[in-house]
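Protein chains: 2
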Amino acid sequence: MIDPLPSWRPGPTRSALVAFLDAVTDIPLPDRVAMFDVDGTLWCEKPEYVQLLFFVDGLQRAIAERPELAERPEYAAVLTGDQAALAELGLARVALALAETFAGLTPAGFDERVQAFFAGAQHPTLGRPLGTAVYQPMLELIAALRQRDVDVFLVTGGGTEFVRGISLATFGVAPERVVGTMIKYAYERRDEGPTLIRTAEVDGAANEGPAKVEALQRHTGRRPIFAAGNSLGDRELLEYALAGPGPTLALLVDHDDAQREMAYESTAGTIDDDVQIVELGRAEGWTIASMRDDWTTVFPSA
Amino acid sequence: MIDPLPSWRPGPTRSALVAFLDAVTDIPLPDRVAMFDVDGTLWCEKPEYVQLLFFVDGLQRAIAERPELAERPEYAAVLTGDQAALAELGLARVALALAETFAGLTPAGFDERVQAFFAGAQHPTLGRPLGTAVYQPMLELIAALRQRDVDVFLVTGGGTEFVRGISLATFGVAPERVVGTMIKYAYERRDEGPTLIRTAEVDGAANEGPAKVEALQRHTGRRPIFAAGNSLGDRELLEYALAGPGPTLALLVDHDDAQREMAYESTAGTIDDDVQIVELGRAEGWTIASMRDDWTTVFPSA
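Chains as they are written, first to last, in this note's numbering: chain A, 1 to 302; chain D, 1 to 302.
Watch out, some of these pointers could steer you wrong.
Pairs involving identical chains hold if they fit within one copy or between any two copies, as the list cannot separate such chains.
EDC-like cross-link-like pairs, simulated, lysine to aspartate or glutamate; straight-line CA separation at most 16 angstroms [unchecked claim]:
1. K46 to D293
2. K184 to D203
3. K46 to D256
4. K184 to E214
5. K46 to E284
6. K184 to D256
7. K46 to D257
8. K184 to D31
9. K184 to E201
10. K184 to D293
11. K184 to E100
If you're looking for bench data, these hints aren't it; they were derived computationally from the structure. In this text the structure is predicted, and so the values were computed from the model without any measurement.
All chains, please: the whole structure from these sequences, using the hints.
Right, here's the structure in full:
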């Protein structure tokens, strides 16, 4: 038989995943639902979120056309990398300001921008195309779940439409199975026909913490039996999946591999700085994937 | 070859549908997206919306436990069928009040209520189980589209979770492919474990008119090449689908069959009482399905 998880090193984590994959085929089809966080769980989130790199790229294009934009405080802080200014403004305000540079685009127009970005973007430190800074073991896990008729959804704190732009090609997940932070659209009857236009306004809250669980219910109406995450923003998603009836599994990616990726404690989405996510995960019965110990390979070969 | 549309009588409407089904197989897979309205398009919406019957059933259960509820103006108007009072209160306010009777339920608990309701409910006038007051020709159309790998979504003005309760069994559509009006949930850590609890608050606007197009983008990130509806609340959905690139089709169900169902002009969702939906549809190039002339059968046989 072909090993579905060739990049997972033998040990308790791999064994737990294999046991879950075996158990899944006895679960009724409508209950086979898996949710994956994206940033830091399926692809690198350091030194910057992938979407932030996309936003900065969009900002630079906008400034090429309208140089006066560079003076706006949020943009100036991003362009100079002024960490103190960025901290004072707050990530939410900066992200919103950056999202404004895409206002007015149609869904198809925005998607073109995403495609163009990934066609050229390199990861800042890893020396590989940005769209390939994804975790090979996690791709194998997604494929193994799908092969067992598990419906896989991506539940991201990032922009829904941004992740949709690469979800099918990169993760094999259709656009409608991406649940994230959503921009509002306006319906307009234009000369070229009826169309949707991106606004600069976020629809609801950023998709982190308990909001992730509420959003997945809103979006799918289904309770996951499997969830994977890496930060405190995924805590509720993981505990909700694990607490369901039947075989369930909550997987936490531990970024402890300074050599092949980075070593850091994920703090995104936290309101409680004292909680260490890996420590919490062990106490809660989550399965911990140590990048250093459990993965024979981190990234796909070229 | 087996006829995919046996309940559609030969004529221009059937021919247009068959031509579209033939054309669909040349369209790239990611573009194969169809959206169906539900009330009046897939099942009867007269003499009352199916969901209103469910709400009234829920109200009667609630009153059995707390008789004082019967005195609340919204509930009193529903129970006595006082049309003047209902008109004065407005459907939105009445619907919200009725939704309150389900507040506090988990998603699984709400689903149980939906299942129990359909297990016993009869259509008020047609003499058949309520869950079978669905249009056989539309079921055939959904099946024919799905057979051609078209992803079918339901885009309803009604409650998302209510339609999800029967979408798979009745229409073959998975819960995550239902986009409708959504109630807010609250994430709670309870003794029995983390869970979602229904509130009485609607998340965003009722899903009618332009909101339907915005919601389907938010939910699916995909532009439909096919849409079916029956009322002014579906106008934007139909015109958006029809205006897309490539082969597209907009289908309007005309309720003109007083003998087998009902004859009425659909006005739901309108803010402009002067627009006649069928007249508008003809002018816009929509394909009109006359229930009387185009359907050999209206309902599935027992």
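Each hint, compared with the structure:
1. K46 to D293: So K46 and D293 fail the 16 angstroms test inside a copy (20 angstroms) and across (63 angstroms) alike.
2. K184 to D203: Result: close both inside a copy and across copies, 5 angstroms intra and 14 angstroms inter.
3. K46 to D256: within (13 angstroms within a copy, 61 angstroms between copies)
4. K184 to E214: between (18 angstroms within a copy, 8 angstroms between copies)
5. K46 to E284: Neither: 26 angstroms inside a chain and 51 angstroms across chains, both beyond 16 angstroms.
6. K184 to D256: neither (37 angstroms within a copy, 38 angstroms between copies)
7. K46 to D257: within (13 angstroms within a copy, 63 angstroms between copies)
8. K184 to D31: neither (31 angstroms within a copy, 22 angstroms between copies)
9. K184 to E201: The answer is within: 6 angstroms in one copy meets 16 angstroms, while 20 angstroms across copies does not.
10. K184 to D293: Intra 42 angstroms, inter 41 angstroms, cutoff 16 angstroms: neither.
11. K184 to E100: Result: close within a single copy only, 12 angstroms intra versus 27 angstroms inter.
Consistency with the previously given hints fails for numbers 1, 5, 6, 8 and 10, ordered from lowest to highest.
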